[in-house]
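Peer 1: So you can see what is in the structure, the chains are spelled out below.
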Amino acid sequence: MKVPLSWLKAYVDLREDAASVARALVAAGVGVEGVAGIGNDAVLDLEVTANRADLLSMRGVARELSLLGRPSLPDPAISFQESGEAAAVSVRVEDPGFCPRYIGRVLRDVRVGPSPVWMRERLERAGLRPINVVADVTNFVMLECGQPLHAFDLSKWRGSEVVVRRARAEERIVAIDGKEYPLGPGDGVIADGAGPVAVAGVMGGRDSEISEATRDVLLESAQFDPVSVRRASRRLGLKSESSYRFERGVEWSTVEWASRRAAHLLAELAGAKPAPGASEARVSAPEPRWITMRFRHVVRLLGMEIPPSRMYEILEKLGCRIEKADADAITLIAPPARRDLKGEIDLVEEIARITGYDLIPVDLGLGLKVAADAPRDRVMREIRSVLVTSGAFEVLTSSFEEAHAQPLTKTWSQAPLVPLRNPEGHVDRTLRSSLAPSLLRVLRTNEGSKVALRPIFEIAKVYRSVAPGVAHSDPDLGRDRSPFDERWVVGMAVPSGYADARALVERILNRLQIPGHIQGASIQVEGRAIGVLSIPERALQELGVLAPAAVAELDFDALAARAALTRKVRPHSTHPAVVRDVSMTFAEDVPWEDVRACIAQTASSLLVVAELFDVFRDRKLGDRKKSLAFSLTFLAADRTLSGAEVDAIVADIRRALQERLGGEERR
Amino acid sequence: MDLSTKIEETRKRFAQELSAASTQEERDRVKNRYLSGPKCVLRGLFGELGRLSPAQKADGGRALNALKGELEEACRALAQQDRREKEHKLPPDPSLPGRLPPLGRRHPVTQTMDDVIEVFARLGFDVVHGPEIENERNNFQALNIPLDHPSRDAFDTFYLEPPWLLRSHTSPVQVRTMLRRKPPIRVIAPGKVFRPDKADASHLPMFHQVEGLAVGEGVTFAQLKGVLLLFAESMFGVGTQVRFRPSFFPFTEPSAEVDISCFICGAKGCSACKGSGWMEILGAGMVHPHVFEAVGLDPGRFTGFAFGMGIERICMLRHGVADIRYFLENHLRFLEQF
Ligand SMILES: [Zn+2]
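Top line first, the protein sequences correspond to chains A and B.
Here the first sequence is numbered in the numbering used here, starting from 780 and rising by one per residue.
Here the second sequence is numbered in the numbering used here, starting from 299 and rising by one per residue.
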């Protein structure tokens, strides 16, 4: 809200510059977005929090500054002569819950022209466009006291009754913006004898708008239910200074004050002749808000001793009516303007705020406590560290996926995707069920900028809908029978292909001491698939990734459940190892996995590592043949191995490979 | 001369000849003479096996195989040593870069997140997690944010099927924690949150927060100030000042916005702190009695404080990142700087 300092000074005695006023407000919790100088005036741009409806006016801000020690000035004048016949207008409220108070006042012979320069200047500095004297006065009073007003051209009124009611089916209204709006059954409207003339608290209708030709004015000042106004304003997409204030709530007694203040100004500035009295419909005035505050509670909550006398003083300055006070507690009636003060805690906050948060001591005495172990978090950190030390870059991608996108990669769940509504309620996106497409897009982006690609990974959640009644456990803080399954996934995309992606997966399993193995595209642990690993040709093509990238996704929860982070050591040999390199030729369809298994079965326990280091193909080898070169490392715990001993084992291995897998000695 | 003596002699002679050879060519010649081709020394020795009895033949064969292995091993070791020496003898260029396998990177947001978590872990806060798909009750009502209330304006929300939504803050984890644990409670909850904001230099529809909560008998605002001062000093350096400004959050009262003194300009005023010398980094306050009531804790007995911060924002301040969207773009040239 924009607050011109010159206007503010009409209600509070300020003998300081704008910066000083801003500092005082900020320290008390009223945000100041900026201070702009206009001529010899300054305009404070206030950021008013949702609880402080009382600050949405000049007088409200002035009241706050008085609370902060600036002398307040007398209330603005209200005096006008009523004349003519009493107006033949009656007010009927169908739903008092929606409209607890409505005052309609008739003003005759209004000269609709421009408002005086001083008023136009104030409005402009406060960010409102001057229109004509009637509109300007209603806006001026609203900014002055926070109560929105509306003026109708009385000559356009059909009938003599003002009806405040909910809209009926099929009703429509053309608003002052010239657009036609269909009304909903919950919307509050002001209606004349023929139908709605305004959306209550939100916007007036075009047909009853004040014009140059207007002579007689019906001035509305009312209190509307905040929730209804908010719903109507949101549904119709109409927001106004009025709806903003009604949503936050206006104050009962100000309804009348504002009506009279506007009559005073219109009489003075536009020659208006107020008709005697006003038409009013109201329920009884709101009950006073009684609050009891225990002095000890303030100390207990803030951790600071504040003398009860000081608390008493602050509450009194706030405008509280103190009814009872003793050594332990104080009982009071909260000030009507501060509708946010409802209970003890609200008073504690006022006392802390006015005392100043700076004065509350810093207490470092929160007791010692060892934070609980979080094994799942440790597993996640371990995985990150394995991948990062292996040269992979961690990335962060959006959880959203276009709704029309077909799944580009295989995942292990085929449950339906989770649709996401945009703010208008339409489904245009889903929550992703796989990290792979996002990861591949990152590769594409980087390919585009010609940077050397690196393996990338992300640890994030993927989402699925689950059928109603399907229970699933959540290792986090539990679930309230959510119809959704969200789970952590470790996703990797490796531009250099399948073998390197596989190496990363194996390294993770190894580091977590999980005995897994990879069968084609499936990563298996104890007979259960816990992940996938493949080169998704179609996805690469569709997303325009040039590298033959492989992607892998691992179910993090499955890993975390099986991970063993504490490592137990075996005795290690201090004797030298003996290494033998072997190369043999095999048929193309003999996988390394089989060769490795055969070696492992044949070798004695002295074989500690069998590592493939070359795969060689050549015409000389013969058609559909390949040569595998691998090195075998032998080690004994208790002695130095002799070459002869090792060679005998190697000879056995060669023989076994020859007999079982058709391996041939390379010539 | 029997075979074993010959083997012993061969071993010695080979060792002498090999050590006498000073170039690779000479060594290759020694190796060939002993190990390669049909006329090599070792073949000759193997040939002698034919003259032995079956029992002697087995022993002799084993001994010869062992010798062969040893000689090969010796040649291999020497060749390796030779290669190393050769490299040493190259004219040294100390400006040549070192050679190491490349390291990867953790994402900057993860790094900042982990740092924040570590500071609070040292202060005894347990790490807890909550789901990203939440219900209205935990995201709003239980946190004293009524439906259809202006206090919800700050929490625009992605809806799935009502009442399910993507959490718009990590505060629902407060509710989940208090429903499942009894005080004393001291937890932090890191995680993703979602708001239907248009992406620009300082907004993303998906970002990260860390929430903190302490509940017990006698937890005070003064302790909140203490914990956040320790956090600020651990995170941004000893001597960092902390400023509390009154504010409003529906789920805390009294509420505060917390600023730290600008670590870029030393609180003198710069573009990062918009000239004020202060940087807003988190929101905090005392747990509202309505929140305690919503989770079945007695606000007459327990008090508590809560705080929440945006990780991307802190990461941007620490590293001078100008645009929050860089975090989601994942250009390797950006990521490799962390
Ligand atoms: Zn600065």
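Please note that the accuracy of each hint is not assured.
In the DSS-like style, the derived pairs of lysine-lysine whose C-alpha atoms are separated by at most 25 Å in a straight line are [what the hints assert, rightly or not]:
id, chain 1, residue 1, chain 2, residue 2
1, A, K1240, B, K490
2, B, K366, B, K304
3, A, K1052, A, K1018
4, A, K1148, B, K480
5, B, K304, B, K337
6, A, K1018, A, K781
7, A, K1240, B, K496
8, B, K384, B, K337
9, B, K572, A, K781
10, B, K496, A, K1018
Covered stretches of chain A, as calculated for chain B (at least 3 residues, CB under 8 Å) [stated by the list, open to error]:
id, segment
11, 800-812
12, 848-857
13, 1174-1182
Which chain B residues stay away from chain A? Per the calculated CB distances, all over 10 Å, these [said to hold, decoys possible]:
id, residue
14, Q314
15, E368
16, H386
17, H405
No wet-lab data here; the hints were simulated from the structure.
The beta-carbon is built from N, C-alpha and C at its ideal position, and this holds for glycine as well.
Peer 1: Provide an ascending list of the numbers of those earlier hints which the structure does not satisfy.
Peer 2: 3, 8, 12, 15 and 17
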